[in-house]
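Undergrad: Sequence:
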Amino acid sequence: MFLYRSYRHRRRKRLLTTMLLPLLTLLLVLLPFYIIYKPPSLLIRYFQRRWPDVLWQVQLHASSSSSSSSQPLVALTFDDAPSDYTPEILSLLREHDARATFFVIGDHILGREQTLRDVVGAGNELANHAMFDQPSRDLSDDELAAQIQAVQSRIQRIYAAVGRTAEAHDEVHIQGLRVNRVGALALGSTETETETSSAQHNVNRGDEEGGEGQPDPQSSTNQTDDGNNNNNNNNNNSNNHNNHNANRGSRGGNPSGEQEQEEVLTELTPGRYFRPGSGFFTDRMRALVRKEGFQLVLGSVYPHDAQINVPWINAAHVLSMVKPGSIIVVHDRRPWTVPMLAKVLPELKRRGYRVGTVTDLLKEGIST
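Note that UniProt numbering has the sequence shown beginning at 1, numbered continuously upward.
Derived from the structure by calculation, the hints contain no laboratory data. Check each hint, because a few of them may be wrong.
What follows is a set of in silico ranges between Cβ atoms, one per label pair, in the way DEER data are often shown [stated by the list, open to error]:
#: 1; residue 1: Q71; residue 2: F47; range: 25 to 33 Å
#: 2; residue 1: R12; residue 2: E347; range: 44 to 52 Å
#: 3; residue 1: P135; residue 2: S320; range: 22 to 30 Å
#: 4; residue 1: D84; residue 2: F280; range: 24 to 32 Å
In silico SDA-like links for lysine to any residue, alpha-carbon gap of 20 Å or less [to be verified]:
#: 5; residue 1: K349; residue 2: G123
#: 6; residue 1: K343; residue 2: R333
#: 7; residue 1: K13; residue 2: L24
Even for Gly, the Cβ is constructed at its ideal location relative to N, Cα and C.
Turn these sequences into a full structure, and let the hints guide you.
TA: Written out as structure tokens, the structure reads:
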């Protein structure tokens, strides 16, 4: 009898081991995918320490004299803007008293300039997502710099057309008005631009032409290098401004009036945020983005909605991951984004969250 019981016990153990081993193997295989899909806060904090120049989330100040700060704030960001769905997104944002940062692909702007003006006019902000929908890490330094400069030129012209400055600098109303005046001059400069090669034309023209072709990196680089010696050439104003922001205070040679206007414009330029195509970055890219005067922005809540087209799954992901100071990354140009937002925005409001831009978030806290 004893031997029989011992045999049965050993058999149960073998059976249990046989059943558990495949299950454990499956869990080990799935765990990395789950961590990618829903990265824990500890991992996000590690990323922020590992790459401190990349913005992942923001730690909000524990106390603030602002009455609105009693409601926690999150930043909502859209990649791949603008699209035919952007007006619907904008309508939902208005309905729920929310604002967002739209990361703009330059190649998507043509024909949608008014949509972006409406986005900015409603209190949202535009940021830089390169010229084309492609992995930024695959580009050379010259190609990436040319794309960033080209898109930023278009963004600045959208702001100038609306007559708005960055929300982060609204405290300086007089300077803001001066920037509007300078921006209006920049908007009109397209009428006096000289004709260049078609590739150089794509890099330096405004959003009215849209920039259909690949920017010529050599043309962009040469024009940037020549910027210090050609301050009266309107075709170089945009590149001069970008270099000035990256190397503030290191240049001279402008007439005092022009230099003063350029300084004000640099300080108040909206949307100097860059998010790389595909979301991956390299050390080389980080150095280039810093040199161009941009803040690299990723995020802490990403439902992978570029691949997952089920609105309720994406909404559940966002609502399960969000916390004060989160940066939410979702995508424009997808038909399932609007129904996802229709679930997320009212629920965030019910929980007491304010939904704002990246700039709104940075104004209330410190990156962590």
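Undergrad: All hints are to be evaluated individually against the structure, with a verdict given for each.
TA: Against the structure, the hints come out as follows:
no., hint, verdict
1, Q71 <-> F47: 25 to 33 Å, "holds (27 Å)"
2, R12 <-> E347: 44 to 52 Å, "holds (47 Å)"
3, P135 <-> S320: 22 to 30 Å, "holds (28 Å)"
4, D84 <-> F280: 24 to 32 Å, "holds (27 Å)"
5, K349 <-> G123, "holds (18 Å)"
6, K343 <-> R333, "holds (18 Å)"
7, K13 <-> L24, "holds (16 Å)"
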